[in-house]
Amino acid sequence: MTNEITYNYTLHLADNALILAQRNSEWCGHGPVLEQDIAITNISLDLIGQARSLYQYAAELINGSGSPASEGKQAASEDTLAYLRDSREYKNCLLAEQPNGDWAQTILRQFFFSTYQFLLYQRLQQSPDATLAAIAEKSLKEVTYHVRWSSEWVIRLGDGTEESHDRLLNALDELWMFTGELFMPAGYELEAAKAGIGVDVSTLKTEWEQRVNEIFAEATIPTSGREGGWMQSGGKEGVHTEQLGFILAELQSMQRAYPGSEW
Amino acid sequence: MTNEITYNYTLHLADNALILAQRNSEWCGHGPVLEQDIAITNISLDLIGQARSLYQYAAELINGSGSPASEGKQAASEDTLAYLRDSREYKNCLLAEQPNGDWAQTILRQFFFSTYQFLLYQRLQQSPDATLAAIAEKSLKEVTYHVRWSSEWVIRLGDGTEESHDRLLNALDELWMFTGELFMPAGYELEAAKAGIGVDVSTLKTEWEQRVNEIFAEATIPTSGREGGWMQSGGKEGVHTEQLGFILAELQSMQRAYPGSEW
Amino acid sequence: MSVQELEKIFLSKIEQEIKIEPKDWMPDAYRKTLVRQISQHAHSEIVGMLPEGNWISRAPSLKRKAILLAKVQDEAGHGLYLYSAAETLGTTREQTINDLHSGKAKYSSIFNYPTLTWGDIGAIGWLVDGAAILNQVMLCRTSYGPYARAMVRICKEESFHQRQGFDILLALSKGTAEQRAMCQDSINRWWWPSLMMFGPHDSESTHSEQSTQWKIKRMSNDELRQKFVDMIAEQVKVLNMTLPDPHLKWNEQAKHYDFGEINWTEFWNVVKGNGPCNKQRLDARRKAWDEGAWVREAASVYAEKRKARQEKQIA
Amino acid sequence: MSVQELEKIFLSKIEQEIKIEPKDWMPDAYRKTLVRQISQHAHSEIVGMLPEGNWISRAPSLKRKAILLAKVQDEAGHGLYLYSAAETLGTTREQTINDLHSGKAKYSSIFNYPTLTWGDIGAIGWLVDGAAILNQVMLCRTSYGPYARAMVRICKEESFHQRQGFDILLALSKGTAEQRAMCQDSINRWWWPSLMMFGPHDSESTHSEQSTQWKIKRMSNDELRQKFVDMIAEQVKVLNMTLPDPHLKWNEQAKHYDFGEINWTEFWNVVKGNGPCNKQRLDARRKAWDEGAWVREAASVYAEKRKARQEKQIA
Numbered sequence: 000m001t002n003e004i005t006y007n008y009t010l011h012l013a014d015n016a017l018i019l020a021q022r023n024s025e026w027c028g029h030g031p032v033l034e035q036d037i038a039i040t041n042i043s044l045d046l047i048g049q050a051r052s053l054y055q056y057a058a059e060l061i062n063g064s065g066s067p068a069s070e071g072k073q074a075a076s077e078d079t080l081a082y083l084r085d086s087r088e089y090k091n092c093l094l095a096e097q098p099n100g101d102w103a104q105t106i107l108r109q110f111f112f113s114t115y116q117f118l119l120y121q122r123l124q125q126s127p128d129a130t131l132a133a134i135a136e137k138s139l140k141e142v143t144y145h146v147r148w149s150s151e152w153v154i155r156l157g158d159g160t161e162e163s164h165d166r167l168l169n170a171l172d173e174l175w176m177f178t179g180e181l182f183m184p185a186g187y188e189l190e191a192a193k194a195g196i197g198v199d200v201s202t203l204k205t206e207w208e209q210r211v212n213e214i215f216a217e218a219t220i221p222t223s224g225r226e227g228g229w230m231q232s233g234g235k236e237g238v239h240t241e242q243l244g245f246i247l248a249e250l251q252s253m254q255r256a257y258p259g260s261e262w
Numbered sequence: 000m001t002n003e004i005t006y007n008y009t010l011h012l013a014d015n016a017l018i019l020a021q022r023n024s025e026w027c028g029h030g031p032v033l034e035q036d037i038a039i040t041n042i043s044l045d046l047i048g049q050a051r052s053l054y055q056y057a058a059e060l061i062n063g064s065g066s067p068a069s070e071g072k073q074a075a076s077e078d079t080l081a082y083l084r085d086s087r088e089y090k091n092c093l094l095a096e097q098p099n100g101d102w103a104q105t106i107l108r109q110f111f112f113s114t115y116q117f118l119l120y121q122r123l124q125q126s127p128d129a130t131l132a133a134i135a136e137k138s139l140k141e142v143t144y145h146v147r148w149s150s151e152w153v154i155r156l157g158d159g160t161e162e163s164h165d166r167l168l169n170a171l172d173e174l175w176m177f178t179g180e181l182f183m184p185a186g187y188e189l190e191a192a193k194a195g196i197g198v199d200v201s202t203l204k205t206e207w208e209q210r211v212n213e214i215f216a217e218a219t220i221p222t223s224g225r226e227g228g229w230m231q232s233g234g235k236e237g238v239h240t241e242q243l244g245f246i247l248a249e250l251q252s253m254q255r256a257y258p259g260s261e262w
Numbered sequence: 000m001s002v003q004e005l006e007k008i009f010l011s012k013i014e015q016e017i018k019i020e021p022k023d024w025m026p027d028a029y030r031k032t033l034v035r036q037i038s039q040h041a042h043s044e045i046v047g048m049l050p051e052g053n054w055i056s057r058a059p060s061l062k063r064k065a066i067l068l069a070k071v072q073d074e075a076g077h078g079l080y081l082y083s084a085a086e087t088l089g090t091t092r093e094q095t096i097n098d099l100h101s102g103k104a105k106y107s108s109i110f111n112y113p114t115l116t117w118g119d120i121g122a123i124g125w126l127v128d129g130a131a132i133l134n135q136v137m138l139c140r141t142s143y144g145p146y147a148r149a150m151v152r153i154c155k156e157e158s159f160h161q162r163q164g165f166d167i168l169l170a171l172s173k174g175t176a177e178q179r180a181m182c183q184d185s186i187n188r189w190w191w192p193s194l195m196m197f198g199p200h201d202s203e204s205t206h207s208e209q210s211t212q213w214k215i216k217r218m219s220n221d222e223l224r225q226k227f228v229d230m231i232a233e234q235v236k237v238l239n240m241t242l243p244d245p246h247l248k249w250n251e252q253a254k255h256y257d258f259g260e261i262n263w264t265e266f267w268n269v270v271k272g273n274g275p276c277n278k279q280r281l282d283a284r285r286k287a288w289d290e291g292a293w294v295r296e297a298a299s300v301y302a303e304k305r306k307a308r309q310e311k312q313i314a
Numbered sequence: 000m001s002v003q004e005l006e007k008i009f010l011s012k013i014e015q016e017i018k019i020e021p022k023d024w025m026p027d028a029y030r031k032t033l034v035r036q037i038s039q040h041a042h043s044e045i046v047g048m049l050p051e052g053n054w055i056s057r058a059p060s061l062k063r064k065a066i067l068l069a070k071v072q073d074e075a076g077h078g079l080y081l082y083s084a085a086e087t088l089g090t091t092r093e094q095t096i097n098d099l100h101s102g103k104a105k106y107s108s109i110f111n112y113p114t115l116t117w118g119d120i121g122a123i124g125w126l127v128d129g130a131a132i133l134n135q136v137m138l139c140r141t142s143y144g145p146y147a148r149a150m151v152r153i154c155k156e157e158s159f160h161q162r163q164g165f166d167i168l169l170a171l172s173k174g175t176a177e178q179r180a181m182c183q184d185s186i187n188r189w190w191w192p193s194l195m196m197f198g199p200h201d202s203e204s205t206h207s208e209q210s211t212q213w214k215i216k217r218m219s220n221d222e223l224r225q226k227f228v229d230m231i232a233e234q235v236k237v238l239n240m241t242l243p244d245p246h247l248k249w250n251e252q253a254k255h256y257d258f259g260e261i262n263w264t265e266f267w268n269v270v271k272g273n274g275p276c277n278k279q280r281l282d283a284r285r286k287a288w289d290e291g292a293w294v295r296e297a298a299s300v301y302a303e304k305r306k307a308r309q310e311k312q313i314a
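Chains as they are written, first to last, in numbering that gives the first Met the number 0: chain A, 0 to 262; chain B, 0 to 262; chain C, 0 to 314; chain D, 0 to 314.
Quick caveat, the hints were computed from the structure, so don't treat them as lab data.
Do not rely on the hints blindly, as some may be mistaken.
Cβ-Cβ distance ranges computed for the label pairs, FRET-style [unchecked claim]: (1) 278(C) x 137(A): 32 to 40 Å; (2) 98(A) x 22(D): 26 to 34 Å; (3) 98(A) x 23(D): 44 to 52 Å; (4) 176(C) x 172(B): 46 to 54 Å; (5) 199(B) x 27(D): 51 to 59 Å; (6) 143(A) x 250(D): 44 to 52 Å; (7) 225(B) x 105(D): 45 to 53 Å; (8) 161(A) x 22(D): 19 to 27 Å; (9) 253(C) x 64(A): 44 to 52 Å; (10) 34(A) x 22(D): 22 to 30 Å.
These stretches of chain B come out as covered by chain C in the derived footprint (C-beta under 8 Å, 3 or more residues) [unchecked claim]: (11) 2–12; (12) 146–159.
Think about it this way: if two alpha-carbon atoms lie no more than 27 Å apart in a straight line, the pair counts; the simulated DSS-like pairs of lysine-lysine are [to be verified]: (13) 62(D) x 140(A); (14) 31(C) x 140(B); (15) 155(D) x 286(C); (16) 204(A) x 278(C); (17) 254(C) x 226(C); (18) 286(C) x 105(C); (19) 103(D) x 204(B); (20) 7(C) x 31(C); (21) 248(C) x 155(C); (22) 62(D) x 155(D); (23) 236(C) x 105(C); (24) 18(D) x 31(D); (25) 62(C) x 173(C); (26) 173(C) x 137(B); (27) 236(D) x 103(D); (28) 137(A) x 62(D); (29) 62(C) x 214(C); (30) 271(D) x 204(B); (31) 278(C) x 173(C).
By construction, the Cβ of each residue, glycine as well, lies at the ideal position given by its N, Cα and C atoms.
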């Protein structure tokens, strides 16, 4: 039982990392400046690394569980979990799957997500689940850099030209409604928190808002006026936006077309 | 042997129709005017209808052939042929897989292709292969309309506003290099022509150019200055542009993810 | 004739089931109600193309792809009929479309839900078109002539769509375990939103009473909804699936199915613009319209040029 | 000092294998040759990101995805080193990039071929990087200091890439029949273009002689090509695959592999801009650059603002 909670919780963390990595990687070779092409690719790489560690752990859990789900199927691995689940089984938050849009939208998505992930991993380091704690600790160094990099860009765009300021506001309009879900725990998150393994994400909200507002203030972006706005949710429970199906069709195309092959 | 030639030749005709239909169908719900949204969708539907007839015939040929390719596999059908071949096996011309671009690009692609297909089917009606002749005859009515519709739009855009004229010229710049392949016969086309089943496409070129130039003249588009320009080829032999892989990843995603299911 | 006399004639026509035609006198409020309703209906057809259009490129067989494409095309056609019907009341298509894009005009809230699996295409056909048909069948007898006639054409195609949707689910229900799960999942997600399509309870419905009096509507929201539940509760048995409502139960006395309460908070929330896809749908429509501006302009400039040339030839 | 004297010093440095440094006097033609070659090399790294980038989203395992992403990122890094090396010769990165976008500057023609299957990612690593390394190893000893030092850094990563490419093909070669066919197909398509990477025959090569004299180049095109053929002809055996050249044969006397004639018509045609992807590659680079203009502007305006604020604080 605890195993299944941890399994779902771990998958959720892994899916977040993988889907955002997949999105960010679309920039590779198409960035606005070479140095930033490298930077966003680097973040992609960090996130894929996190996803791999988490999927590997989830695979261990499911393979060892003897649960009905694991019977008669090929053993789970990082790749079966990433490549052979469909969009209704993916547990990533909606924010991660949103399109790249322009550079402002990519930056803001990263800033929102990394700030959240930073707070989450900080707490997850203390998890009694040694594997999750270790992954969180290792990842935290990377995420600290993601937060700094994306914060600097938010400030640069917000306090840059009129155009960059407007584009950032537009990005905010596109993405704000997907931030609420980060702090609304899904069933398995609640249970993982109860079991002491996971983090109660609702407790991260205040600090997240503070940190976001600090950077927004420096970026000359209004820090109020968004209270009470409607928040989309569902991704963590597998009810995604129409984006995810297309992401997965591409991501999974090879494994689906050549099942059971080694690469 | 003749069977295999006919099989490949039929697949080529089918792939042309399917891939262009798939491209055109991306407009559905996103057209510039409701009436034209309907018109382009209609062309898509006609092309899918052609593709289905042709794939069904190809499936018959391969199922009845007792060839090594057919052994030990599930029986071929319109769907196995459309959904389970990879991009290196697809035989469509490069023109069909080019992106929609703006309305001018879609229109010009259709105009080039339909004018070609019209001349081709006109001749294919006389094929001693009764099935191909019948499909050509039936399709010719549809294609006649496609030619008329796309010609009218070429004229409208060419002789419309300065912007539409420029956009059409830009489309010409994007697409012209893919027109040559239509008239360069692939191996199986040559053999099909030799066997009297298929059409030697190189003989269609002059009339195609005449017809294109007539419409271009009315559209106030230069009818000369493109001679000797380099022509891309390879699609008919399975060497495509990088576009096709993505088209197929999406097109085939369901059949690949749920192999062997009935829909 | 005085307004009172005109109104008397108008009401007596309504009374005698004589259709009101574009050139007939009609009360301003009648005209306004119709314009609002017909254009809302037209917009629903157009916006309704998007969730289904989302699966055209991924339809799992060529036959299903062709059927889906034809269906979405039919919806565009329905939109055309309805924009034309609205035009007979003195609004232009452009005005009507602008009202959609500015957010002033509404469309059926159901299209603000995403299509996440192929099963959703079946569920939309079966449940959403099923619900729409009940409304549309009623509207075939609506008092305004052009609207009623548009509805007659639409109804024919729509019932075809519903059968196709059911057929998609039927194939899934006979398929693999994964397909059956896909089928049930789609029904689960689309059931309640399709019940919401009939609008608020009669007791809460603002426009209903007047519309009924004018015979624009001929059945109440709750009556239509009950009819729908009775129909679907039977059909779902053929699929060997269930509806996600623990309160659903045949009531022998009422000869109707009882069913649970709708989540009206969700309903109003989606109407207000907070559905999963409200922004995405409007953005897609605006984008198509804005990016098509140069095409429409070119077409109209060319038409003028051509006309001028022809006139010159004649002169 | 007179130009003659300066030139004498310059040539004696070259003679003694002393690196030429940015502040040293150098002949104009030497500078121009280097600028052309280094920026062409830089552009090749940048444009080279595109064919491989094309498969990042579809890499068949997470491990391969990470490796590929890191590899393409390395290429961006190599581009940076090389743009910096070019800058030491007095050109700005922006100028250099403009020359690429205007079509004035060239890049390696190999990147005008499409990546059609996952096998192509392996073939690029093994063959294209393999060919590039031979050239780059030679350039580690080139006479211009900053270029030579950039090359040392690049070479380390590049040989890693070649092994990764080979490893992709090795996995395919041990895989299913479909995978083995994919492997052979990629080798077939990339073999000849990779031979072309070494440029025209020595007898046809316009810049070679002077470059050799200045020790910019230290081996001829044909020498490098032969080295490459000898290396690959052995490695392909490990894959149990073949190279698509009926004339390929060990020549016991020469202790080299003989091989068939390159299709030079194709080579010059692709150089002229008629490769399968020339237009697509340049369009992609231009698009990235143009769409990034507002980002670069915002960054520079912000940097100025910040500097002004800091100066004000200090003052």
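Each hint tested on the structure:
Distance hint check: the CB atoms of residue 278(C) and residue 137(A) are about 37 Å apart, consistent with the given range 32 to 40 Å. Remark: the range hint 26 to 34 Å for residue 98(A) to residue 22(D) is contradicted by a beta-carbon distance near 49 Å. A C-beta distance of roughly 51 Å is found between residue 98(A) and residue 23(D), which places it inside the suggested range of 44 to 52 Å. Under the hint 46 to 54 Å, the C-beta atoms of residue 176(C) and residue 172(B), about 52 Å apart, fit the expected range.
A beta carbon spacing of about 58 Å between residue 199(B) and residue 27(D) agrees with the range 51 to 59 Å that was offered as a hint. At about 59 Å, the CB distance of residue 143(A) to residue 250(D) disagrees with the hint of 44 to 52 Å. The beta-carbon spacing between residue 225(B) and residue 105(D), approximately 25 Å, falls outside the hinted interval of 45 to 53 Å. As the Cβ distance of residue 161(A) to residue 22(D) is approximately 42 Å, the hint placing it in 19 to 27 Å is violated.
Here the CB-CB span from residue 253(C) to residue 64(A) is close to 49 Å, well matched to the stated 44 to 52 Å. For the pair residue 34(A) and residue 22(D), the beta carbons lie near 26 Å from each other, so the given range of 22 to 30 Å is met. For the stretch 2–12 of chain B, the stated coverage by chain C is not satisfied: 0 residues place a CB nearer than 8 Å to a CB of that chain, which falls below the threshold of 3. A stretch counts as covered by a chain when three or more of its residues have a beta carbon under 8 Å from one of that chain; for the stretch 146–159 of chain B and chain C the count is 5, and the coverage holds.
At most 27 Å may separate the alpha-carbon atoms for a hinted pair to count; residue 62(D) and residue 140(A) meet this at roughly 21 Å. The hinted pair formed by residue 31(C) and residue 140(B) fails the criterion: a straight-line CA distance of about 45 Å is larger than 27 Å. Taken as a hint, the residue 155(D) and residue 286(C) pair is broken in the structure, with Cα atoms around 48 Å apart against an allowance of 27 Å. At roughly 25 Å between alpha-carbon atoms, residue 204(A) and residue 278(C) fall within 27 Å of each other, so this suggested pair holds.
Restraint check for residue 254(C) and residue 226(C): satisfied, since their Cα atoms lie roughly 11 Å apart, inside the 27 Å limit. Among the hinted pairs, residue 286(C) with residue 105(C) is consistent with the structure: their alpha-carbon atoms are about 18 Å apart, no more than 27 Å. Simply put, residue 103(D) and residue 204(B) have alpha-carbon atoms about 34 Å apart, too far for the 27 Å limit, and the pair is violated. As the CA atoms of residue 7(C) and residue 31(C) are separated by approximately 19 Å, the hinted pair is consistent with the 27 Å bound.
Between residue 248(C) and residue 155(C) the CA atoms are separated by roughly 31 Å; this puts the pair beyond 27 Å, and the hint is violated. A threshold of 27 Å between alpha carbons decides the hint, and for residue 62(D) with residue 155(D) the separation of about 21 Å falls inside it, so the pair holds. Proposed proximity of residue 236(C) and residue 105(C) is contradicted: the alpha carbons are some 34 Å apart, above 27 Å. In summary, the hint linking residue 18(D) to residue 31(D) is supported, as the alpha carbons are separated by about 17 Å, within the 27 Å threshold.
Pair hint residue 62(C) plus residue 173(C) holds up; C-alpha atoms about 18 Å apart against a cutoff of 27 Å. Straight-line distance between C-alpha atoms of residue 173(C) and residue 137(B) comes to about 35 Å, which puts the hinted pair past the 27 Å bound. Between residue 236(D) and residue 103(D) the CA atoms are separated by roughly 41 Å; this puts the pair beyond 27 Å, and the hint is violated. At roughly 18 Å between alpha-carbon atoms, residue 137(A) and residue 62(D) fall within 27 Å of each other, so this suggested pair holds.
Straight-line distance between C-alpha atoms of residue 62(C) and residue 214(C) comes to about 41 Å, which puts the hinted pair past the 27 Å bound. This hinted pair checks out: residue 271(D) and residue 204(B) have alpha carbons roughly 26 Å apart, not beyond 27 Å. Taking the CA atoms of residue 278(C) and residue 173(C), the gap is near 36 Å; set against the 27 Å cutoff, the hint is violated.
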